Structures are given as C-alpha cells and as structure tokens.
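So the protein lines, in turn, are chains R and H. Take the first sequence: its position 446, counted from the start at 1, is 446 in our numbering, and no numbers get skipped. Take the second sequence: its position 526, counted from the start at 1, is 526 in our numbering, and no numbers get skipped.
One or more of the hints may lead you astray.
[Claimed, not checked] Covered, in the sense of this in silico footprint (three residues per stretch, anywhere, with C-beta under 8 Å from a C-beta of chain H), are these stretches of chain R:
#1 25-38
#2 106-117
#3 277-283
[To be verified] Distance windows between CB atoms, simulated:
#4 4(R) with 3(H): 32 to 40 Å
#5 4(R) with 6(H): 21 to 29 Å
#6 193(H) with 4(R): 42 to 50 Å
#7 531(H) with 399(R): 38 to 46 Å
#8 217(R) with 47(H): 54 to 62 Å
#9 95(R) with 368(H): 38 to 46 Å
#10 423(H) with 320(R): 22 to 30 Å
#11 368(H) with 10(R): 28 to 36 Å
#12 20(R) with 106(H): 43 to 51 Å
[As the list claims (entries may be wrong)] Distance condition first, Cα-Cα at most 25 Å in a straight line; then the derived SDA-like pairs of lysine to any residue:
#13 35(H) with 365(R)
#14 277(R) with 266(H)
#15 304(R) with 266(H)
#16 107(R) with 58(H)
#17 419(H) with 365(R)
#18 9(R) with 9(H)
#19 9(H) with 275(R)
Simulated from the structure, these hints should not be mistaken for laboratory data. Computed from a predicted structure; not experimentally measured. Ideal Cβ positions, reconstructed from N, Cα and C, are used throughout, including at glycine.
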Amino acid sequence: MQKEYKTIKSISGPLVMIEGVEGIKFEELVDVTTASGEVRQGKVLEAREGMAVVQMFESTQGVGAAGSKARFLGKSLELGVSKDMLGRIFDGRGRPIDGGAEIIPEKKLDIAGNPLNPNARDYPNAFYQTGISTIDCMNTLVRGQKLPIFSGAGLPHARLAAQIARQAKVIKVDDEGNIQKSDGEDENFAVVFAAMGVTFEEAEYFTNEFKKTGAIERSVLFINTADDPVVERIATPRMALTAAEYLAFEKGMQVLVILTDLTNYCEALREVSAARKEVPGRRGYPGYLYTDLATLYERAGRVKGKEGSITQIPILTMPEDDITHPIPDLTGYITEGQIVLARDLHSQGIYPNINVLPSLSRLKDKGIGPGKTREDHSGVMNQLFAAYARGKEVRELAVILGEAALSDADLSFLKFANEFENKYVRQDESEDRDIIKSLTMGWELLKLLPENELKRVKPEHIAKYMNK
Amino acid sequence: MENHGTIIKVSGPLVVAKGMDGARMYEVVRVSEKKLIGEIIGIDGDKASIQVYEETAGIGPGEPVFPTGETMTVELGPGLLQSIYDGIQRPLPLLQEKAGEYITRGLDVPGLDREKKWDFQAKKASGDKVVGGDVLGVVQETSLIEHRVMCPPAISGTVKEIKSGSHNIEEIVAVIEDADGKEHKISMLQKWPIRNPRPVKTKTVPYRPLVSGTRILDTLFPLAKGGAGCIPGPFGAGKTVTQQTLAKYCDAEIIVYIGCGERGNEMTDVLMEFPELEDPNTGEKLMKRTVMVANTSNMPVAAREASIYTGVTIAEYFRDMGYSVALMADSTSRWAEALREMSGRLEEMPGEEGYPAYLGSRTAQFYERSGIVKCLGNEDREGSLTLIGAVSPPGGDLSEPVTQNTLRVTKVFWGLDAKLAYRRHFPAINWLSSYSLYQDNVKDYWDKEISPEFAKIRTQAMGLLQEEAKLEEIVRLVGMDALSPKERLILETAKSLREDFLFQNAFDEMDAYTPLKKQYWMLKSIMNVYNHSQKIVEQEDFNFDDLLNLPVMDRITKCKAIEADKEDEYKKLWEDTEREILGLQK
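Using the sequences and the accompanying hints, generate a full structural model.
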C-alpha cells in the first residue's frame, strides 16, 4: 500500500516540496493529484529525511499546497519496450499519441541506463553512407559514432536530418569499385527519433516525412513539442535512447538516433537548475551540463560480440551561430566531430549548406580506405579540403585586390571553390549520391586545378582515377 | 555490521548521513544495502557528507551507511601493469565478466588478481637490516619491467624471514622485526591512501629532458623528467592525439594514462591500439609498461574526481621503485568539473565560474606530486614522475579558472591553437604562446648528449619565429616588396622551420617519432641556410630566387626522410649547403 501525502509545502516553477514523507528514494516517481482530481507525474530530485523535492514533468498549474495529494510509486521512470514500438509515435514520456493501441511491453527498462564499460565497447569502423557528398566523402560518418549537426535558427537542419534518416545505409565497396549492400540491411535498420521542444510544424514535418517515404515502418518517434511541459524534455531523449539500446543490443538492429533540438533540452535543464537555486556555471547553465550531456551522447556505440549499433545525430541550434556558446562547446568536447551548417551558403540557396572547413569527423579514418570505400578516398578528401580552403582565401583576396591581380593558379582555385559549392556541396534533397559518385565528382572538380598543385593525392591515383 | 549511520539526504552523487560518530574525513563507506562505494568529504557534528562513486537512483533517507574505517586506497603490487581500471581501481575486464557490458552498481572487485602466482626473488636475506623503501625482492612483472617489492615506508627493522619462490600477492614473503621487537608481515600486496603523496627521501630539481620524439615539444618547449606540463586547447585541436603520442613514444619507463571524463569510443581506441603498438625505445609492446585508468564522461562523476588520485598514486609507487614514470591525464578540466559539481551539491560558497574556491590549491597539490626524487631506502635510487595534464577550456578561452590555476603550477605550457588545426598544421601547438621553463634545466644534458650548439640554434630558431609574426603583419599591410632582403630571408627560414621541422605527422610511421639527435640535425640543416646566406642576400642586385632554387634547398625540405642513424648524410648536406650558398657570392 502506497501512502498518500497531503503535505505539500511549497511549489516553485516545476518543483514541489513535500513534507513529512517517509521511505522515499532518490529519482523515484511521484504522482501528484490536484484538487480537481487530475494526476500529474514527477520525480524525486532530492530526498531528505522527512522531505522530498519533486520535479514535475508536467505543469504545476492547478497544483495547490492544500487539496493536492502526492503518492510515491517506489520505482523510477521506466519505458516499456517491445519490437512493436517500430512504426509508432509517442509523446515525450513514452505514451502513444498516434491513436494506436498501448504497447504490450516485453520488458520495462529504467530510462537512465547504465554506463557502458569502455572495455566492452567495440571500435566504430564501418562506413555509413548518407548519400550526401560533403558528409560521405569529407566528414565520413561511421556506425556507432555520435556526430552532431551544429545549426542556427532558420537553417534547414530538419531537412538534412530527414534526408540522412531516409538514405543512411551500410555499404561496402569491392575491389572492382562496385557497391555491395550488406545482407539483410533493410530489415535490420531502424531510426529512433526524439523531438524536444520543437514546434508543432517541425514535429509534423518529421512525422509526415517518415510517413511519406514509408520510413515510419522502421522508426520509433518520441515527440515533445514546444508547448509540452518543459521538464518532460529532460526525459524525452532518455526514452529514445532506451528504446534504441533495446533495439540495437537486444534485437541486433542498426539504429540511427536523431535528437532535435538539444538546445531546448539544455534550456530545460537550466530552468530546473534555476528553480532549485543551484550555483550556475557559464551563462546560467548548471555546472553539471557536461556530465548530463555525456550521459546522453555516450549512449552511442557498438558492443563487442553484438550485432547492433547506435549511431547518434544530435541536432542543436547555436544561439547567434556562436560555436563557443556552452551548448555547442560542451557537445563538441563529447561527440566525435561535428557537422557545421553555414548561413552564407544557405542565403546563396545552396542545400545542404554544410560548411566543410570547420566540420570534422574524428572517426573518419577508421571507416574509409580500401575494403571499406576506395583506396583514393583519403587523398581526395584531403585534397578537396586543402583546395577549398585555399580557394576561399583567394576569394577574400579577390575582394580586396580585384580578380585581375590574381595569378593563374589562384584563379583556378577561385573557380574550384565556386564549382565546389555549386556542384559538390549543392545537392537535391532527393538525391542519394553513392560514395563512388561522390569520389568521381571530387576528381572532376580537381581537374580544374593545375596538376602540380595536387600534392595530397598520390600520383598513381591521379593516373588511375582522374585521367581515365 | 552493527555500527552504522542513517541516510538523511540524497541529492545526485551526494549523500548526507547522520549517526556517523567517529567518522573521519576521506573515510570509505558503503551506502545502503546495495553497498555502494562512497567517501566522506565533509563532517558536521554526527552528520557526514558522502560522495558516492556510483549511481544513487533508488537510494533514500532511512537507509544505512556502513563505515569501513579505511580511507580510499589503491592496491599496489605485481599485476598493475597492463591493467585497465575505472576511477576507483576496479579492473574493467573483471567488471565486464561480473556484470556484462554495462557497469552496474555495488560491484566489489579487487584491484589486483589474488590468484595469480608470481615468482618472487628475494634480494635481502635473514638478518639484514632494512628501512622503508628498501627493495626486499623482485618479480619480473612483464618482460620489460622488473617489479621491485619494497619495504613499506613506515616500517624498518631486521629481516627475520624471507621466502623466494612462487607466491600470490597475499602470501607473506617477508617478516621484519622492528626495534620494539614487533613483527611486521609483508606480502607483495600493499595499500596506499590515494590522497596522500607517497614519501620520498629528497626531491631535486629536474635536469633531464623527457624525450617524446615530437619535434616542437622536445626542441622548442622541452619538458623535463620530473616536471609538470599542461596542454590546453579547444576541441578538435588535437589534445588527445598529443597525449596519446606522448604515451606511445616518450622515453619514460612506465606510463600511467588517465582517461578522465573523456569519450568512450576514444578510450576504446586506446584500449585496442596500445596492446598492438610497439615501443620505439625497446621494441616491446607498449602495453607492457602501461597502466590505464578509464573513467569515461558518462561514468559516475565522483569516481572521475578520484581517478586522478588513483592514477597518480600508482605512478608514485613505480617512481619509488626507481623508474621514470610519466602520467597523462586527459582531461583535468573534467576532474575540475567533478569538483564543481560536488561543491555545488555541498552548497559551498562558489568561487569563479561556480568552481569551488579550493580549485587552485587542489590543482597545485596534484601537480606538486610530480618531481625527480631520491627514493626512500638505503639504495639511493632515483625515480621521477612527470605529470602532463590536458585542459579543455570552454570555447578555447584560456582565461577560465581551470587553465589559469594550472598555469600557475606547471612549468611547461603547450598551447593548442584551433587556427593551426584548421589549417591542418599538426601538432597544432602555437609556437608563439607556448613556453617551457625547463630550457635551462635541460641545457647541460643537451650540451653533453647532443651538441653544445643545440641550445644556441634553438634560441635562434625561436627568435626567427617571433620575428616572422611581426614581419607578417607588415607584409599584410604593405606587401612583400617592402621587405629588405634580410627580412625576406627571415620569412623564408621561418617558413621552412614551420613546414619542414614543426609540422609532424603523428600517423606516419617514420615521421611520428624523431630521436633528439636527429631533431638537432634537422634543425641545424635548416638554420645553416639562414646563417650562411646572411651576407649573401645583402649583395647588390641579389636575386632571391637564386637562393631558393639551389639544389640543396629541396634536400633540406626532405631531410626528415634521412634516417636517424645516418649522421654522415646530414654532415654531407651541411657541407653542400655551405658550398652552394657561398657559390652565390659575387
């Protein structure tokens, strides 16, 4: 028999203080019933002798010190998981909102999860093809990686994420340069999508996108929109990752997790932290923001002796496009690289507006090369990077000095940079370029440059791939 | 257990318990029936604040807290090398065996294998007088390292009994009778509290360089054995690569690598790569001289705080055997954040940016555990412990408290620069902002072992790089033509220094490691051009391209390809350089 307490002492923002309680546990779930009989859920944030600080997942509106009742449930927040979750849409706390039946769970899992033993991890090294040249060729994603998209307000990160979710697959290139799809890849591939504090329209865009392409059949969606309770946002990504871990490590699936938008998640953390009157760190975010983010991001990876994997693409919008803001900054310290979106490319109408220079995939070297993609991949990638960087420098110079003052070599780099943006970066939303095509296009572009400037590619590769 | 306290508050990793009479600071306790490991970090009357090294969800007021009477210790003895521990010295492979791929709670596994038999060879005989630190016997722990079993620091007396032969670490291998006639039974397993530095006889000023094979580090900003250095840098600038390069190639005999609050996949890379890699100094597998402590960012935050101390205590233990030990901590910022988190939960008055006011003193205490020492004991062994801490300043802003507090106590600063990384210049260590205060310390060693000229041309090269920065500003304003030939020469030499000497590819087999002698030869090859052509370029109507097009210039660019044992080829290169340049004399 669980006791009900009518001893709510104070309420501040999402926090409720309950007195006179006994036998409560840290992180335990609490049902608070308002005077009008509505039940709202929260969890214990601090357990003291005779007192509990409860963080509500829902609004505290209508909860009063008098007339409200609190019941401690003796368990922490759990998610019932089952393979039937595929194809379904849930709210931020794991309750179906697509009108379908309740899930009959195979088991219930604590959403906090446990840290993976570093010794049990397997190194991510399988090439993941997204069909987007600037990612596949230049900032290669590998299976088990966490690669965030650093975006800004008003940039098309949602479209990019949807495109990646649609196109991502594991492939291998054989010695003749033919692409081999891994066996059984399709049925073993799943997308887990979590929206935190996004607008209704953005949430709708994703659901429709998944439905339209049929991808919904292999997807699990968790939607917490901007008008849903703020604190629920803190649970949403953990719900998604718990589902992902179940699918990946118990059902052997290759899971791609898309989390959007981490900025809203961090705002929610800050809100709770401020309500608790904690000592703030940078810009008012709590001092444990790094640790908290790590408990999300580190749930990506592979496990030795298991088939499945979790690849994470968290999306965050940088306030004022400022990459040193605490959210992108701490994210960058945890994730294995980043894809940065550029505002100037977007205003030129180039989609996907990936700015390759500050973008980075730390695991790229493990996923490319002979047997995985192609022997010339690393060389082409470095050459494109170097040439584009130089081309951009020349472009700046041309603004000051005028194009007439440029040398022939400089002019060729300028032309290269323009073509690179227009042909290589730009790509249609429905265009699924395989890696061989991306590499071939890269070589085409390199033809614009004098051959003696191609120092990063091996001469035998120039002969084999460029001049054939 | 009869005697226990009762929890009155749980807030994240902080638990407060009452009824804890007799509790001592930093005593280890077991929290709740789940037996979670915790440590007392504050006492107020009979109330104790406990930081818990494991997840506290599901723990609540009213549950018991069991004191153990011990402080947080590490187990020291044969079996440390090649181990991979979490922050509180639990072997990760054992945790995996016990609990599967996820780390669950309340696991209690010993730091060292109790079963394994080691071949103990006594170095002392019955009747010998020994003092703390004396080597009682040795065990060949790995093919590289002889483990010296020492008399514990606090014990001295006469050896009553000593047993060579095959023993596990708990069996008594020696009995020592002290002056009061009390017998001390010594096994190979010894324990030491992690927050107390191990005692030494004397500490001396570092004088030998720690050679890492990375040119910019060894030549421009040398770190001494027994010194302390820090590597601050924004993400993506190559902190971890630099730390790992040091761990792979530096000429310390023992490496302790602490992954403190870093990425899981990265740690896995280290765990999978190190057993494969070979040490360029000995040709043996690197793992045989390495101890790893891995507490990734998602593992409990309190254990992250402890991981630094666990690592440094193990390092000190090997130092006491007379080895040169290097410890890499990646990254100390995460350790400081753990301090901040605990401090916040203790509701202490915050200092700068929410960090506790004692951040500075804790940082200093940690780095002060480095040093070159005369070890305890009669044998006059010399051991050294070098500490290298990575710092991850938020937004790359070096004015933040962790960096500033670290800079106050470390004498070497290797500043990583995002701009260099962006230009793909690696290692992305900024030669203008970095510094080393050990130059004078290692100069004697350089003079004797390398060449008396080395320190001189190094200073000259540094001067040119500084000069280059100034000149580049002029060039940006008024163009290259405004420079005098001498200034042009400075620019060209500095460019050559940057591209041919400082640039180094950590992933290229040949380039990753350059012995100190070869670094000198390479530097001399480049500086020769500058020194010989000073007069030449000042001639009237001198065409600078004549100098740049000399055949020898191309050879200098490629001189890193000349192998380290071919001094003659470098000598030939120097002769040719002089001849060809003097040939331009009109």
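#### Entry: Hints the structure fails to honour
Per hint list: 9, 11, 12, 13 and 14 violated.
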